[in-house]
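Engineer: Spelled out, the chains give:
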Amino acid sequence: MSRDELILRLDELLELEPGTLMGAEKLEDLEKWDSLAMVGYMALIDEHFGIQLSPRQFINCTTVEDLLGLAKAPA
Amino acid sequence: MARAAVRAIEYHLPSIVVSTESLAAQFPEWSIEKIDEKVGISERHYAAPDECSSDLAEAAVRKLFESGVCRPEDIDFLLLCTQTPDYFLPTTACLLQDRLGLPKKCGALDFNLSCSGYVYGLGLAQGLIESGQARNLLLVTAETYSKFLHPKDRSLRAIFGDAAAATLVSATDREDALLGPYVYGTDGSGGPNLMIPAGGMRVPRSAESAVDRQDESGNVRTKDHLFMNGPEVFNLALSVVPETVCELLGRSGKTMEEIDLFVLHQANRYMLQHLRKKMRIPDEKFYIAMSHCGNTISSTIPIALKHAAMEGKLKDGALVMLVGYGAGYSWGATLLRWTEF
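Which chain is which? The protein sequence lines are A and B, in order. For the first sequence, the positions run 1 to 75 when this note's numbering is used. For the second sequence, the positions run 1 to 341 when this note's numbering is used.
Don't read these hints as lab results, they were simulated from the structure. All C-beta atoms in this analysis are idealised placements derived from N, C-alpha and C, irrespective of residue type, glycine included. It cannot be assumed that every hint is accurate.
Unchecked claim - Short, incomplete list of chain A residues facing chain B, as computed with Cβ under 10 Å:
1. L8
2. W33
3. R56
4. N60
Stated by the list, open to error - Listed next, the in silico PhoX-like pairs over lysine-lysine satisfying Cα-Cα at most 20 Å (straight line):
5. K105/B - K147/B
6. K306/B - K254/B
7. K285/B - K315/B
8. K152/B - K32/A
9. K306/B - K285/B
10. K306/B - K32/A
11. K278/B - K38/B
12. K315/B - K32/A
13. K152/B - K223/B
Okay, chain B solo, but in the shape it has when bound:
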């Protein structure tokens, strides 16, 4: 049986940069420097008004092609994780197949998950490859959440940024598993705590949905914009991340000590450091790389992996635990054996 492996990762950030200084100028009553110090973010990148998820995705994939690791004609499946598609339909992955010059025999689909999307994408990719349905698969994560942030929602503007990441997952003749096992979890009762209330079929956009409302923390948003109940989402992370990590260790027969690096969804540094301390993970085994881009939803894990590899934190054979958690609620974790090809 062919074994699936992560061969290469590239990512792309759009060109509009929102620095801490520019946020401080926009919200002078708010100590943004202190907030940035806590959340660990100094820059976020936003897509331009005419720039969509497919544009960011295309740029990330082109970096993979330019690196020489694969050619468009090698690709036989494209998985795109996005919650900000170009259109309701057609599927953004189908449009990308054409723009990237992928073969017409290539399978392509979008899937809609937020911060857990990369782990789920790896699970889907591994399933497609190890069941013989694909050999060279592109797993792309692309989001333009900035388009759903109200200009006066300072809390969310401090955290979120746009990005796309492209991961090549290929069949190898290795005998040992290089991905998995997986732990997945879902709790739809938490859906309202991280959502865009209007704009879908349930609540279409209207004059009523576009009315500004201010919350008790001074943030302004409408029902057309992203809403996050920060304390509830923090509560989710505290509830499910340590438990999921334990379950994955049990399922894989590994100990904490055998994990070389933990890469959790990069929600914000404050939350990550609290989770790290709670789980007693040594600082040197816990990777954070988000100061240059903020919380990029499903792209945070591949971006962090790319930086960890560039910094020499991932040696050939390193065992990495990936944990994603967020809107849905949805969460998942897996192990990745980092392999140099």
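Same shape as in the complex, but just chain A:
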């Protein structure tokens, strides 16, 4: 799954129009970024990248780009 595809899936997860997120958005400004969205993102990364994220890895994420970066880092 490419970065573009992943960011489209994040749009969907956060109930945004496709193409809304660019990467620089701050998570604290995204209304739908909550614990359920975090679970959804964990499921997405597990399914498509085979990486099981720990919720602790989200502590240092402040932007959408940081979330995308989790798909590369080993869990």
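Given the structure of chain A, go ahead and fit chain B onto it with the hints provided.
Structural biologist: This is chain B only, laid out in the frame that chain A set:
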């Protein structure tokens, strides 16, 4: 040696119904319809203020008696799984013995587990029966978690419901095992991720514990209420469920293909579907029945089994894998050979 078998299952839901519509009216800023679509729940049932776990348990057991499968005088052991007992003491199972008119020679005890409770209960029941200590045992699961949900905790209100289920486990003269083997697991380091912080002996209820606090997702709760770290609990399920399923297959010498139906603890549909895909279990072998009652903790597996049987999904001799996982952390899995008597 007598072999233990599940003879019959009944369940009871309390009468207060919390629909998706009523939650949407209470939390208009929240897209509850989308949440319900994801978690797969359209109704949850809550116990009335004067209704306790023993009341739900009694109603479920009375359905078993009314079905004619057993009489109160036949019962020689009562196991009650609950984390919301009527009192700190006496044991709720003892009160139930009297209310149900069970013999005074009946053994009775409570055990405190959440979503893994049904699997552990079957293990205890089988041990009691196959060691000759009991012949007709009631395994009852009963919870009133709604009493620990803060009125403004929308996340947990969307998921949890109250219920009780009663399972008759009896000695049979069958030669083959109808239950087991078992895989159990515990990781107490996860305890704080699903807990009610105050109200026990460690942190008694106080003015301080009753102070409202809002989390970053907008949910409000106090230390007297149920707290769940959803992502951490999801992480637990991803970590232990596939591994536990593999271990049980190895221990039983069975293959995935030989399992007729998988009944996992019905936490929420989203989590279940993810686990199903991860373990490559075909949709038709994976049972979900929670839209009418939500996550009822230790009762989700017997409720799903009852519905699967009613829908004709469980034929005589069907091999069913049961997997429970949740607070503690505690998890367990077993195989059940569904048998018509």
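Engineer: Are the hints correct? Go through all of them and say.
Structural biologist: The hints, checked one at a time:
For L8/A, the suggested interface contact is broken, since its CB lies about 18 Å from the closest CB of chain B, more than 10 Å. With a cut of 10 Å, the hint placing W33/A at the interface with chain B holds, because the nearest CB-to-CB distance is about 9 Å. Hint status for R56/A: holds, given a least beta-carbon distance of 9 Å to chain B, under 10 Å. With 10 Å as the threshold, the beta carbon of N60/A stays out of range of chain B, its nearest partner Cβ sitting at about 15 Å, so the hint is violated.
A distance of roughly 33 Å separates the Cα atoms of K105/B and K147/B; the hinted pair therefore is violated under the 20 Å criterion. For the hint linking K306/B to K254/B, the alpha-carbon distance of about 24 Å lies beyond 20 Å, and the restraint is violated. A threshold of 20 Å between alpha carbons decides the hint, and for K285/B with K315/B the separation of about 13 Å falls inside it, so the pair holds. For the proposed pair K152/B and K32/A, the alpha carbon gap of about 18 Å is at most 20 Å, so the pair holds.
The straight-line distance between the Cα atoms of K306/B and K285/B is roughly 16 Å, inside the 20 Å bound, and the hint therefore holds. With a C-alpha separation of about 37 Å, the suggested pair K306/B and K32/A falls outside the 20 Å cut-off, and the hint is violated. Between K278/B and K38/B, the direct Cα distance comes to roughly 17 Å. Compliance with the 20 Å bound is thereby established for this hinted pair. The hinted pair formed by K315/B and K32/A fails the criterion: a straight-line CA distance of about 44 Å is larger than 20 Å.
Taking the CA atoms of K152/B and K223/B, the gap is about 14 Å. The hint holds against a cut of 20 Å.
Violated hints, in rising order: 1, 4, 5, 6, 10, 12; the structure is consistent with all others.
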